[in-house]
Amino acid sequence: MKIKLFYFAKVREILGIDREEIDVEDDIKTLAELVAFLKMRGSKWQSIFEAPSSYRMAVNQELVEANHRINTNDEVAFFPPITGG
Amino acid sequence: MMSVHVQENLFDLQSITQQLKKLHNSGASVTFEGYVRDFDTGQERLDLLELEHYPGMTEKALSSIESLAKHRWHLDDIYIVHRYGKLKIGEPIVGVIVFAKHRKEAFEACHFIIDFLKTDAPFWKKEITNQQSYWVDAKKIDDEEKSKWK
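Which chain is which? The protein sequence lines are G and F, in order. Per my numbering, residue 1 is the first one in the first sequence, and the count goes up by one each step. Per my numbering, residue 1 is the first one in the second sequence, and the count goes up by one each step.
Don't take each hint at face value.
Claimed, not checked - Covered by chain G, per the in silico footprint, the following chain F stretches (three or more residues, Cβ under 8 angstroms):
hint, region
1, 55-67
2, 122-128
3, 132-138
What the hints assert, rightly or not - Derived Cβ-Cβ restraints for the label pairs, each shown as a range:
hint, chain 1, residue 1, chain 2, residue 2, range
4, F, S64, G, A51, 21 to 31 angstroms
5, F, G27, G, M1, 50 to 60 angstroms
6, G, S47, F, G27, 45 to 55 angstroms
No lab work stands behind these hints, which were simulated from the structure alone. Note that the structure is predicted; figures quoted are calculated from it, not measured. Glycine is no exception: its CB is placed at the ideal position from the N, C-alpha and C atoms.
Hey, can you work out the whole structure from these sequences and the hints?
Here you go:
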């Protein structure tokens, strides 16, 4: 299953990339499972996803929670809590 | 009539209000304008505020906030403008204008829109001083203010 990943603000700076396309196993069905998969990439990833309050997620440009189901070709974004306005 | 504007350039909320006023037979308008403070979280005076956003999602999020407000109150028009990029101290960051027949819905809808914008529109602030730069932390009060509307 192909997924597009986007990173913003502090998350983007920690990872050193702003986007990537990955191919994950079909048994990854929810965002929570995708996060668990990404955490296995190493310490940078673990630091980003350490506390649920320190990051937010969007799928196809809408804010969603960890139980949101993901599908092939989805645009998934990870970023810090919003500080606009 | 509703519109959202996400831009690097400065905006002039007073002249926009005057232009929109000609299009409607409104009894009231309420305007909110937010500016760059000279220092926020840090001790040092800021040189710049840099705003990052999520192109595409930002416009969608602002439009959906406008729709929520329009379904909740009888409004003649809503105008939302938000800047990104490098901003100087004292410059406007965000503007919200609401036109309605009466003051109550105009006041309430404007307040609602800025509260939702604070938590749902994907913008991130980075403060830049002559010494360093750091990302601004989200404030818990912003979530609390939004939850009051439910």
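Verification of the supplied hints:
no.	hint	result
1	55-67	holds (count 4)
2	122-128	holds (count 5)
3	132-138	holds (count 4)
4	F:S64 x G:A51: 21 to 31 angstroms	27 angstroms, holds
5	F:G27 x G:M1: 50 to 60 angstroms	54 angstroms, holds
6	G:S47 x F:G27: 45 to 55 angstroms	53 angstroms, holds
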